[in-house]
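Undergrad: Here are the chains, one letter per residue:
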Amino acid sequence: MKISYAQGILDAHRYLLANYSEVFVIGQGLWSPWYVGATMTNLDIDFGKDRIIDTPVSELATTGAAVGAAIGGYRPIIVHPRMDFMVLAIDQIVTQAAKWRHMFGGESSAPITVRAIINRGGEQGAQHSQALHSWFAHIPGLRVVMPATAKDARDLLIASVLSNDPVMYIDDRWLYEQEQEVEPIIELNLADEGPKILREGNDFTLVGASYTTKLCLDAAIILSEIGISVEVVDLRVLNPLNYEKIIASVQKTGNLCVVDGSWRNCGLAGEVIAGVMECISLSDLKSAPARITLPDAPAPTSKVLEAVYYTKVEDIVSKVQSILNQ
Amino acid sequence: MIQLAELANPAAYQHPLDISFCTKEFLLYQLESMLIIRKSEDIISENFGTGVIKCPCHLGIGQEAIAVGISTQLRKTDRVFGAHRSHAHYLALNRNSFGLFAETLGKYAGSSHGMGGSMHIIDRKNGFWGSVPIVGATVPIATGAALAAKMDGNGDIAVSYFGDGATEEGGVQESFNLAASMKLPVLFICENNLFASHLHIDLRQPTDATIRYAEAHRIKCELVDGNDVIEVSKATERAVEYIRSGFGPYYIEMVTYRWKGHVGNRDDIDVGVQRKDNLLKWKQRDPIRRLTEAMIQQHLLSSEELEILNDKIQSKLNDDWNKALDAEYPKSEALLSLVYA
Ligand SMILES: Cc1ncc(C[n+]2csc(CCOP(=O)(O)OP(=O)(O)O)c2C)c(N)n1
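As given, the protein sequences belong to chains A and B, one line each in that order. Heads up: the first sequence runs through residues 1 to 326, numbered per our numbering. Heads up: the second sequence runs through residues 1001 to 1341, numbered per our numbering.
The set of hints was computed from the structure by calculation and includes no laboratory data. Do not take every clue at face value.
With a Cα cut of at most 27 Å, we get these calculated DSSO-like pairs of lysine-lysine [what the hints assert, rightly or not]:
| id | chain 1 | residue 1 | chain 2 | residue 2 |
| --- | --- | --- | --- | --- |
| 1 | B | 1039 | A | 303 |
| 2 | B | 1125 | A | 319 |
| 3 | B | 1150 | B | 1125 |
| 4 | A | 196 | A | 319 |
| 5 | B | 1331 | A | 303 |
| 6 | B | 1331 | A | 312 |
| 7 | A | 303 | B | 1323 |
The structure displayed is predicted, hence computed values, not measured ones.
Next comes chain A alone, as it looks inside the complex:
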C-alpha cells in the first residue's frame, strides 16, 4: 500500500484515536478545512469535537492544558500548525513537561506529544518559516522526532504518543506529498528508534533530518550517475541522539557532510559532526567534515532572496563534488 507523508500522519491519528481512549488532540485549526493540510481531515467528524479540540488563539494555555491532562493519565497531542507560534508556549514544553519526571523524582510525568509543523517558503518571511528543532533537541527530558518518510510520519507519531515521555514531533509541509510503500502499522518503542541508513554507499556519508533527508537522497541519485556512491543517514530522532550508525558510516566512507534545514551556529549539523568526531580516530577521515545549513539570517520574503536562502539538491551535489575533488 502506498501512502503520502500527510496520509501517514492522518493514519496515525486514526489508529491512535481508535485504539487508545486516552488519546485526544488539541490545538488551533483542528476544525478548519485548510489549517493543517490534509493531515487531520474529518477527524473531528469521525471522533467527535470532544476529542479533536479546536481552541482559542492561546498557545501557552492550550499547551499547558495538554501537560496537565497528560499528568492526569491522558495522551494529548497538542498541535501547533506552525512552529513559530509554538514559541509562545515554550515554558510549558521546556521548563515544565521536560522537567516533570526528573524534578519529582520519577513520581509523575507529562507524556504529551507536541506536534510542531515547519511551514515555510512561499514568501512567508521571518516569522512564518522557522525550523527550531535544534533548540528543542538541546533539552534533556524532551524527545525530539523528525520523520522524513511517509512510513516514519505514521509510525513515529504513534510511537511518540505511546512513549512515556514528552515528545516533540516535528513534521514539514514540504514533505506532505512524498509517497512511500508501507506495511500495516506495528507499534514501535520510541526509545529503540534512532538514525537509519536510507541508502547505502561507500564514498561519502550524507546526514539529513526531515526535509533535508529527502534532499540528500535526491543528491545521492544524481551523484551515483557520475560514479559517486553516497550513503544517506536519516536522523529521525534528534534527542536523545544515537550516533552509532553515523559513526559506522563515516568510518566506512571517510567523508561526512551534515545537511540541516535550519541555521548554522549552535545547530544540529555542528552537533552531529562533534558527536561523530569525538568517537572516531582522525585516520578514519579522508576530508574535513562539512555542513550545509541555512545562512545565519532570518527568512526573507522576496522570492529572489528565498531562492538564495533555501538549500537545494544542487548545493549538496556540488559540495560533495568539491570535497572529493580536493
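Got chain A; can you put chain B with the ligand on it based on the hints?
TA: Then chain B with the ligand, alone, in the frame of chain A:
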C-alpha cells in the same frame, strides 16, 4: 455580562451615517482614505488570486473605517503598531499605496525594502512603527513604546491595533495590566470582526465583547460601531485627549466584519454557517456606502463627483501598481547585511 448585542447584528446599523457637525472637507478626506484603502486591497486581492503576489495577504476589506477614523486624530510623532491585517493601518497614515504594493511584490522600493511582504510593513516617518503576524506580539511592544513616550514627556501616544483573537493571548492580557498599573499612554484598539481565522468568537470566548478585559483592568473603554467612520473618529478624539492628558490607557472595541477570508482573496464561506449567512448582510453595512449615502443626502457630494473621485483614485492606484511591478528586487547581499547593525 457585557455583550455586543445589536452591534454584532449584521442587519442593524445599515443606515447612512449621522454626519451633522462634520465639515465637508473632513468628510471628503475620510471618504478618500477609505476608497484608497478599499481599492488598493482590491488590487492586491486580484493579483493574489492570479498568483502575481505570492506572500500571504490578510485583507481588511470592510474594516476601512476603523483605521481611517483613528488616523485623523493622530500626529506623526505618535507610534502606531499593527498586526497581520494591517494594510489599512498603514495606508490611513500615509496613503502610500506604491510602498504597500511594492512590498507585497517583494521589491526594494517596498516599505520594508522587500524583506517583509504584506505581513511586515512599516513607515516610521508617518507614525507607523510596524506590523507583524505573530498574533498579539505588537501589543506589549506598543505598551513599551507608550512607556518610552511617557518618559519623553511630550504627549505622544502609542496605538495598538489587534483583533478579538489576540485577546486570547496571555501577553496581551499582561500588557493591559501593565499599561493600566503604570498609566501608560497607549490606545488599545480591538477590531472585533467576530472571527479568528475560521472560528467565530462564540466558539472561542464566553461572551463576544472583549471590552470586558478593559473593565477588568480598570482601563477606560468604549464600544463602537466600527463601520461608522464618524463614530470611530469621535471616540478616538475622546480617547486621545484622555491619554495625552496623562490619565493612562484607553480601550476601544470596534465592531466590524471582514469581507474576505482569513488570508488571501477567497470568501471563506465554507468555514461555518454563520459566516455564509451573514456575509451578504454585513456587506450591506459597508462603511463606505454609509458615508457616501449620508453625504449625498446632505448634498455634500453628488453621484457625478463620487464617480470622478472613484476614477481619479483608481487611475492613481493603477499607476502605482504598474510602477511597483517594474520596480527592482532587493540585492542578495541584503540577506546577510541586514542581520546585524
Ligand atoms: C501566535 C500566533 N498564533 C496563531 C497564529 C495564526 N493566526 C494568524 S491570524 C489568526 C487569527 C487572529 O484573529 P484576530 O486577532 O481576531 O484578527 P483577525 O484575523 O480577525 O483580523 C491566527 C490564529 C499566529 N499568526 N500567531
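Undergrad: Hint by hint, say whether it matches the structure.
TA: Quick rundown of the hints versus the structure:
no., hint, verdict
1, 1039(B) - 303(A), "25 Å, holds"
2, 1125(B) - 319(A), "45 Å, violated"
3, 1150(B) - 1125(B), "19 Å, holds"
4, 196(A) - 319(A), "22 Å, holds"
5, 1331(B) - 303(A), "11 Å, holds"
6, 1331(B) - 312(A), "20 Å, holds"
7, 303(A) - 1323(B), "18 Å, holds"
The structure is inconsistent with hint 2 alone, although it conforms to all the rest.
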